[in-house]
Amino acid sequence: MIKVLFFGPVADRVGSNALQMEYRADMSLQNLRDDCAAKYSQAFELVSMVALNGEHARDMFVVLNDGDEVAFMAKFSGG
Amino acid sequence: MIKVLFFGPVADRVGSNALQMEYRADMSLQNLRDDCAAKYSQAFELVSMVALNGEHARDMFVVLNDGDEVAFMAKFSGG
Amino acid sequence: MKQAVRIQLEDFSQDEEIAALKGSSKRMGGIGTFLGCARDFSEGREVAEINFDAYGPMALSEMQKLRTDAIEKYQLLDARIVHRIGTVTGGDNIVFIAAGAEHRVAALEACHWMIDELKQRVPIWKKETTPQGQSWVVPHP
Amino acid sequence: MKQAVRIQLEDFSQDEEIAALKGSSKRMGGIGTFLGCARDFSEGREVAEINFDAYGPMALSEMQKLRTDAIEKYQLLDARIVHRIGTVTGGDNIVFIAAGAEHRVAALEACHWMIDELKQRVPIWKKETTPQGQSWVVPHP
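Chains as they are written, first to last, in my numbering: chain P, 1 to 79; chain H, 1 to 79; chain L, 1 to 141; chain B, 1 to 141.
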C-alpha cells in the first residue's frame, strides 16, 4: 500500500487527511498522482508540491516502493 | 564666546571635552576650525564631522553667532 | 535549553531565544531577527483568528535543513527557527527567526533569506477566519 | 511605556521592546530587529570591555530623526531604537533596532537601513580595552 497524505486546503477538498492506495509494481509518483487526481480532481487543482517520504519530490517519474508515504500539497502559506 | 565640544578620540588628543573660543564678528565655522586646528593639530587629524548647535554642519562657510555650540568629531563608531 | 528549531502550540520569548543564541558564542557581534505576527486585518477583511495545518515531521526536518543551509551560506555562528501551529489571533506571534554572526551584514541577510526560504520550503498552511467565513491563505508570488 | 528612542546605561529587554512596538498596531505582520552585541574578540585581539562616549543630545535627536525617516521611507507602522552607553563586556547588548510593518520586506529592509544609517549619523564612539591597552574603534568604510 501507498500512504497518501493531504493537508490544509487539499485535505478540505478531498474530505480527508489520508488514504491508502493500492501498490502496483513499477508504479511512478506520476501514476499515483494520476490515480488520485482522477478521483479528487477539484482537490488536485490546488496541488503544486509533492513530497515522497517527507522530502520534496522533484522527479515525478521516480518509481515507488510498497509502503511509501506521499503527500500532495497546495502552495505553502506558513511564516 | 563659542562653546567647542570634543568627544571620544578627539577629546583624548585635545586633553579636554570642551573649551571656549573667543567670538569674532563674521567668523565662519571654517575660521573656528582653523583656529582650533592650529592649537590641536594632532586631534584635528581625526576630525571628519562637524556639528553646529547639535546638527550636522555641511557648509563650513556658514557664519557663527555668539553663543553657538560647535563639535569637531572623529568618525562615529556607535552601533 | 530548548531546541534551536521547533514547531509548537505555545508562544515563545524573544529574550529566551536570543539568550540561547548568544550562548553559542561570544564572538557574535550582530543578531538579525524576524518575527511574523497575526494581523487582525488582511486583504481588506477583518481576521478573527488564524489556524495552522502542517505536515509536522517534514516541516520540522525542512526547518532543520534551512537552519543548516543558512549557517553554511552566511557563515553564521548560530541560528534559530520557531513556528507556532494551532490557533492564533491578532497580534499573536507566529514565526521567529534569528541569525547570529560576527558582523551585521551576514546576520541581517541570513535572516531575510531564511524567512523567504521558509515560506517556500516548509509545509505549513494557514486558514483565516473572517466575517465571510474561513478560507485558506493563498500565498502571493 | 518607555520612549521609542533611548540612550541609556542599563540593559533592555527584547520582549518589552517588541510588546511596545506591537502595541501601536494590530496590522503589524512583520517585525525585523537588529541587536548589536559586544564581542570578546575583535581584529585579532581579546576585548575585555568596551566604553562609549556620546554627544548625548545630538545622538538622541539624530536617532529620533532616523526613526521618523525610516517610518516614512518604508511606510512602517512603528520603529524603536535603543543604544547603550557606559561600559559593556563580551556578550552584552549594545544597540537594538526594531521595525514593524504590514509585510515582511519593508520591516526587514527598514531594519537593515536603520542600523547602517545609525552608524553614519549618530555621534557615539566606542573604545576597546585589550591586553595591549585602550583604543578607540576606527569604523570600516
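If you're looking for bench data, these hints aren't it; they were derived computationally from the structure.
In this text the structure is predicted, and so the values were computed from the model without any measurement.
Warning: the hint list may mix true and false statements.
Mimicking DSS-like on lysine-lysine, the simulated pairs with C-alpha atoms at most 27 Å apart in a straight line are [unchecked claim]: (1) Lys-3(H) / Lys-65(B); (2) Lys-119(B) / Lys-73(L); (3) Lys-3(P) / Lys-127(L); (4) Lys-3(H) / Lys-127(B).
Status of the hints after comparison with the structure:
1. Of the supplied pair hints, the one linking Lys-3(H) and Lys-65(B) holds, its CA atoms being roughly 24 Å apart against a limit of 27 Å.
2. A hinted pair counts as satisfied when its Cα atoms are at most 27 Å apart, and Lys-119(B) with Lys-73(L) qualifies at roughly 26 Å.
3. Taking the CA atoms of Lys-3(P) and Lys-127(L), the gap is near 25 Å; set against the 27 Å cutoff, the hint holds.
4. At most 27 Å may separate the alpha-carbon atoms for a hinted pair to count; Lys-3(H) and Lys-127(B) meet this at roughly 25 Å.
In summary, this structure violates none of the numbered hints.
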